Every structure is written in structure tokens, then in C-alpha cells.
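In terms of the numbering used here, the sequence shown is residues 1 to 412.
A hint or two may mislead.
[Stated by the list, open to error] Quick list of in silico lysine to aspartate or glutamate cross-link-like pairs, EDC-like style, CA-CA up to 16 Å:
#1 239 x 205
#2 139 x 80
#3 321 x 53
Hints are computed from structural coordinates only; laboratory data are not their basis.
These numbers come from a predicted model, not from an experiment.
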Amino acid sequence: MKLPHISRRIFLKNISYSALASRLDLLGESIRNNGKKPLIVRVHDAGASRPWDYLQSRPWNHTAEPRSLEDMGSSRFREDRYYDHIDEAVVVSMLRRGLMELTDTKSTEDAWRHLLTDHKNSDQLTIKINLNNSSYNEKITTNRMDQTIPLINAVIADLVENRLFAESNITVADPSRWIHPLILKNRCRFRNVNWVDSRSPDLWDRGETVKFTIDQPVRPPGDKFPEKVPFHLANVYTKAGHIVNLCLLKNHGCGITGAMKNHFGALPPPAPKYLHAGLGEKGYIADLCNANSIKNKVRINICDAVFANWHDNVWAPRPWKTFPEESPNSLFFGTDPVAFDSVLLQHITDEVNAQGDGAPRWVREAIEKHQFLHHAMEIHRLGIHEHETFKNIDYRQIENGSQGDQLLRRDQ
């Protein structure tokens, strides 16, 4: 196996991690895993999506997407949408399979009860979703990567049908983004759930603020940014009893925008912009995920990878070479956010390597800029980070519909 290159700068930063951990009295504190390897599960089902013509979206950037009502009626842009090619019934089956495999239970009710620490029927639950905002006009839709409604519907259905939460006690949220009514809200099968986005009132809780360790926020260039901004968390986090973290499989300048970076959406704009310079090599993401309402309330991370993007975290999904089909047709499940993102990063890395010269230089460089995972493991003890071949992460890949046969054990 090829050993990862470690630069002198990263080596010195690791030394600083150890020094800081010593000052914070963290070195003796064990990572909370009950003595077991963190389990990450991928469920694959080729039927999760119908075939999608990726070539029609070339070059997979803003030039391929409508930006106005005139564009919406133009033959220059494709009319179909990738999220309409997802089979919700198959996603439901994949969700149930993943929940039971992750928790070693025989029903999804038992799985949720295993995951929902100190659960009471009157509790409030937040489902955090990942949005990029394809537009701010209800009549404009695009093929930019966003959370899709089939998985949201599947999660809500399982929670409600198992009588774990009333619809009115469930909130679907991305507090710093706009939830498109045609793509998401109007397609939700549960009319009594709550929705919180950037237009909602009373979004931020001054009582909980992110504490930064090694790296402090940096004001972006330009006159429009104030010298300092608050880093309060969203009320839908601090007031909730439980959080289900739904994310996407996308690359980023920090290597992976998976479970951990998804919580940037719980910060008040423009605060995230003060964290983006050198994001992957700094401790910002780990510090955010160490906030009490994230560290202690996220019950499960689920990655929607029916469609995914190895090249750009914003624009349309791209075809893959390292999954059985061009679309990954997968859901990922895990409770350890660091191990979870380590596995997602490995898939991004494998794909970038398989693409060879087809992957731009910045994409190849980005997969090496994931120092935040080391920070999360070594400073905050939030979980396990490693690369393939996995020795400390139990990664199971399951073919949905089989009798439990694993496609591949990447930890062997």
C-alpha cells in the first residue's frame, strides 16, 4: 500500500496538536467507541436510480444550468432532473437495511431505539440536510447537487411509522440556506413536519458558541465583511433532543464535504466564510463538531450517495468509475463522524486516482488537505481517522436484497 505523503508543515502541525492536547488534558481521554471499531456501512442497490445521461450535463458547471426563467424555457438546457430518477421505494429499503446492519438489530424500530439516546416520545428531532441553493426562485430548478426528497421522506416515514416521533416534533433544516419548495417541501409526504431555512425567524442561539483551538477565524478580504462575526449555533440544534445528519458524497477543497462539514449550515452567515481559507488544513471543522449540541446530539450520519460528485461540490453529479454503475447508488451509515468522513474521503480519493488526468490539479491536491480529520481525532477525540487499508474502522459494504453477503471488506 502506498503510504500517504506527509509534508514538513503537516508534521509540525501534528506536533502542535500533541502539545495542545497535553495542555487541554486530552491525551488520556479515550475515544468513545465502547472498545469496538467504529462501524461504517454502505448499502448499494443498482435499482436506486434509473439510468441518467451524464453527458447532457457536460461540462458540469454553471454553463450547463439555467439561471433565469428564460433559460428554463430554452432548448440549450436539459429539462430532466437527476432527482426524478431516484426510486424512493428502493431508498426506503436501503435505509432500513442500513439501520439494522449498523445496529445489529432485527427491526428499524429497535435500530432507532438503539441510536436515540434517552429517547422520549415528546422529544424534538432535527434532520439536518445539505443544500447548495440551485436558485432563489421557486420557478427555477437545476441539476446542482442538493439533498433529495426520497431519503428525507424515508427517514421521516420510519420515525413516524415506528411511533418514535410525531410529525410536529420533527424539523427538516438547513438554517443558512434556502429550502426550495418545488424540489423538497412540496414533495414531502408528511405535511405536519416543520421546515427551517435562512428565511425563518429566530434562527440563532447566543447561548452556544463554537470554541476554536489551534486556528482562529480569518476575516475574508473585502470591505463588506465586518472585523468579527458570531459563531453561535442554530436553535434547531440547541433546542433539539436529537439530530439526524443527512449529507452528500461530494469533494471539496478540504477533501470531503460529508458529515462533519455539513454542520457549517448551522452557523449564521457570513461566519462560514471566515473559516474557508485553508479549511481542510485547519481545525475549524473539528472545533465546530466538538460543540456540545453536535457532539452530544447527532445520533446518526447518513450519506445520500445515490448520485454524487467527485469533482465539484456544487454543480451537477458526475459519472463514476469506481462503483458498479456510473451512479454510486449507495447510502452510507455511521455514528462516528471521523470514521464516516474517512470512508467517504477514501471513495473520493479512489475515484480521483481512477480518473487520472481527467481530474484537475486542484481536485488531486484537495484530497490531501484533510488535516481537520486528524484534529478531530487527536484533539477532540471525536472518532477514528485512517486511510485504506482500514485496520481500526470496520467498513462493511452490503448489496441490498442479498442474504447479508458483503461486497467487500476493505478492513481486511
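Taking the hints in turn, this is what the structure says about them:
1. 239 x 205: Distance ~9 Å between residue 239 and residue 205 Cα, so the pair holds.
2. 139 x 80: The hint holds at about 14 Å.
3. 321 x 53: holds (15 Å)
The structure is consistent with each of the numbered hints, conforming to all of them.
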